[in-house]
Amino acid sequence: MALTFFQVDAFTTEAFRGNPAAVVFVHDQTLTCQQMQHIAIENNLSETAYLEHEEPGTVADISYFASASTFRLRWFTPAAEVALCGHATLASAAAIFKGTRNPSTALNFLTASGILTVRRAAADSIGPMSMDLPSFPSDSAKVPADWQSPDSELMQVYDYDHRATRTLQLAVCRWRCDELAPSISFHKKQCNLTDKLALFSRSATQVRAVEFQHAHLKYLLIEMTPNADKAASAIRAITPDFMRLKAAGSHDLVGIIVTLCDDGGSKILSRFFAPFVGINEDPVTGSAFSVLVPYWHKQLHKDSFQAEQCSARGGRLTAELVRDISACTRNAVAKGTHALDVG
Numbered sequence: 001m002a003l004t005f006f007q008v009d010a011f012t013t014e015a016f017r018g019n020p021a022a023v024v025f026v027h028d029q030t031l032t033c034q035q036m037q038h039i040a041i042e043n044n045l046s047e048t049a050y051l052e053h054e055e056p057g058t059v060a061d062i063s064y065f066a067s068a069s070t071f072r073l074r075w076f077t078p079a080a081e082v083a084l085c086g087h088a089t090l091a092s093a094a095a096i097f098k099g100t101r102n103p104s105t106a107l108n109f110l111t112a113s114g115i116l117t118v119r120r121a122a123a124d125s126i127g128p129m130s131m132d133l134p135s136f137p138s139d140s141a142k143v144p145a146d147w148q149s150p151d152s153e154l155m156q157v158y159d160y161d162h163r164a165t166r167t168l169q170l171a172v173c174r175w176r177c178d179e180l181a182p183s184i185s186f187h188k189k190q191c192n193l194t195d196k197l198a199l200f201s202r203s204a205t206q207v208r209a210v211e212f213q214h215a216h217l218k219y220l221l222i223e224m225t226p227n228a229d230k231a232a233s234a235i236r237a238i239t240p241d242f243m244r245l246k247a248a249g250s251h252d253l254v255g256i257i258v259t260l261c262d263d264g265g266s267k268i269l270s271r272f273f274a275p276f277v278g279i280n281e282d283p284v285t286g287s288a289f290s291v292l293v294p295y296w297h298k299q300l301h302k303d304s305f306q307a308e309q310c311s312a313r314g315g316r317l318t319a320e321l322v323r324d325i326s327a328c329t330r331n332a333v334a335k336g337t338h339a340l341d342v343g
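For the sequence shown, counting from 1, position 254 maps to 254 in the UniProt record's numbering; every step adds exactly one.
Calculated from the structure, these hints are not laboratory results. Heads up, some of the hints might be wrong.
So the derived label-pair ranges between C-beta atoms look like this [as the list claims (entries may be wrong)]: (1) D28 to A215: 35 to 41 angstroms; (2) P128 to S69: 16 to 22 angstroms; (3) T225 to D28: 52 to 58 angstroms.
Each residue gets a CB set at the ideal place from its N, CA and C atoms; glycine is no exception.
Assemble the whole structure, with the sequences as input and the hints as a guide.
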């Protein structure tokens, strides 16, 4: 039995920009986790999304996707299942709206990160769409102003949870995470996170702050301080050595967000790297805004931002914090329907 799937570019109004995702409608059969992983490997996109009947174990027929408003949703990279994926959620809504002519103006997705809702203004249009994502604040580790070189041997950080200054040992490609507070350590293992900082601090920027979202997403956030009027060019110039990142090991780290603030605090710039789960660079990362929005809200005391992810494909969106929900608004372009035979 063949399955229906779409390829959709999310966070864009143009084809071949934004972030592509495959969206698979699981109908008339079920798929095992192994089959889902194999399909994701075959698609070789940053994410493959799987839409299923809202009731676990219930097999949907294809007409279900044209009439229902609640679905189960899972996401797989070519390497692993992930806990949250924003762009593949937006892509899933676009595939349902455009591919099935579903009349709903709001769709609910039951996921590992809770219920995610995507809304559109009218039943006769698929965009722009607004997506609610959970807000996952990160833990602070402030980098002092005089720490500018990756060759430094020590870095002082203030641990807000324990109200004490702690020293991180920076010995050739090594950040001693066991000296951090337990809330932002990686199981007290010694891991090569200094590699990760050093790779980002060799551009025309300085590391201003390092935070870690440990409870759910396991994203490291690195805020850079650019030279005057060079925010966009500075973040685009970052060229990580992915071989070194992979060699450093993840130790439960899933992804790295690098971010700057441009235009007097009105625009968030970011990039996202996740070689640990098979994605060297993700073009536009919805889940990153679950961390970026509360982070910049805390820094700038603002609730709404224009945002741009400065990858080669690029993508822009509006992000805001509403009652502890990170809401993102943007379009998606569904490029076609395909049949997938899983045997």
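Consistency of the hints with the structure:
1. D28 to A215: 35 to 41 angstroms: At 38 angstroms between Cβs, range holds.
2. P128 to S69: 16 to 22 angstroms: holds (19 angstroms)
3. T225 to D28: 52 to 58 angstroms: With a Cβ separation near 54 angstroms, T225 and D28 satisfy 52 to 58 angstroms, so the hint holds.
Comparing the model with each numbered hint stated earlier shows that all of them hold.
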